[in-house]
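Here the working numbering = 1-based position in the sequence shown + 84.
Treat the hints with care, as some may be off.
Claimed, not checked - Distance condition first, Cα-Cα at most 27 Å in a straight line; then the derived DSSO-like pairs of lysine-lysine:
#1 K194 to K121
#2 K178 to K168
#3 K223 to K98
#4 K98 to K225
#5 K225 to K236
#6 K173 to K214
#7 K95 to K146
#8 K127 to K236
#9 K218 to K168
#10 K214 to K178
#11 K194 to K225
#12 K182 to K194
#13 K204 to K223
#14 K194 to K228
#15 K228 to K146
#16 K214 to K236
#17 K121 to K174
#18 K182 to K223
#19 K127 to K204
#20 K95 to K127
#21 K211 to K225
#22 K95 to K218
#23 K178 to K204
#24 K127 to K168
#25 K236 to K204
Since the hints were derived computationally from the structure, they do not count as laboratory data.
In this text, all values refer to a predicted model and were calculated from it rather than measured experimentally.
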Amino acid sequence: MAHKTANVNIKNRKVTFEYELIETFVAGIQLVGTEIKSIRGGKVNMGESYCQFNFSNELYVKNLHISEYEYGTHNNHEARRDRKLLLNKKELEKLQKKVRESGLTIVPVKMFVNERGLAKIVIALAKGKKTYDKRESLKLKDAKRDMDRMRKA
85 MAHKTANVNI
95 KNRKVTFEYE
105 LIETFVAGIQ
115 LVGTEIKSIR
125 GGKVNMGESY
135 CQFNFSNELY
145 VKNLHISEYE
155 YGTHNNHEAR
165 RDRKLLLNKK
175 ELEKLQKKVR
185 ESGLTIVPVK
195 MFVNERGLAK
205 IVIALAKGKK
215 TYDKRESLKL
225 KDAKRDMDRM
235 RKA
């Protein structure tokens, strides 16, 4: 049975403003029941989400909001539950080492559905930006927008 992939590509727009991205990884995400249907419908909010290791060294994405499926019954999922990320052992160890040593954070950057119909999440090792870095980002963004306007005129 071939999957009809509705080109799902959900981005976390806040992340590039708040953090400086160092390295990215593509991880599978463990879903239950109706969550994949909501993802395919684009009903995901990644704004306040982050990743964290638990006691048994498994990586979880926290505060990721996947809206309840509108046609779901009593079997519907919880919108803000913690979801396990699926990475291989080497990647998990590398991430954990970097987080422990350098004080870096792991943040979700974007979510997509691959050609096999599986939900994947792109996570990044990130370093928080200082206030002046954020102001600099805004200046560059404004300058780029002005340049684009000048080209069109």
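Decide if the proposed pair is consistent with the structure: K95 and K218, CA atoms, cutoff 27 Å inclusive. Within the cut-off at roughly 19 Å; holds.
Holds or violated: K127 to K168, with C-alpha atoms at most 27 Å apart: holds (19 Å)
Restraint status (C-alpha distance of K214 to K236 at most 27 Å): The hint is violated at about 34 Å.
Can the restraint linking K218 and K168 be considered satisfied, given a maximum Cα separation of 27 Å? violated (31 Å)
Straight-line Cα separation of K178 and K204 no greater than 27 Å? Distance of about 19 Å is within 27 Å: holds.
Would you mind confirming whether the straight-line C-alpha gap from K223 to K98 stays at or under 27 Å? Within the cut-off at roughly 16 Å; holds.
Verify the proposed pairing of K236 with K204, using a straight-line Cα cut of 27 Å. The hint is violated at about 37 Å.
Hey, K182 versus K194, does the alpha-carbon distance stay inside 27 Å? Holds - the C-alpha atoms of K194 and K182 are around 21 Å apart, at most 27 Å.
For the pair we were handed, K182 and K223, check the Cα-Cα distance against 27 Å. The hint is violated at about 31 Å.
Taking only the CA atoms, is the gap from K211 to K225 under or equal to 27 Å? Holds. K211 to K225 sits at ~20 Å (cutoff 27 Å).
Measure nothing beyond the straight line between the CA atoms of K194 and K225; if it is 27 Å or shorter, mark the hint as holding. holds (20 Å)
With a cut-off of 27 Å on the C-alpha distance, tell me whether K194 and K228 pass. holds (23 Å)
The structure fails to meet hints 6, 8, 9, 13, 15, 16, 17, 18, 25 from the earlier list, while all remaining hints are met.
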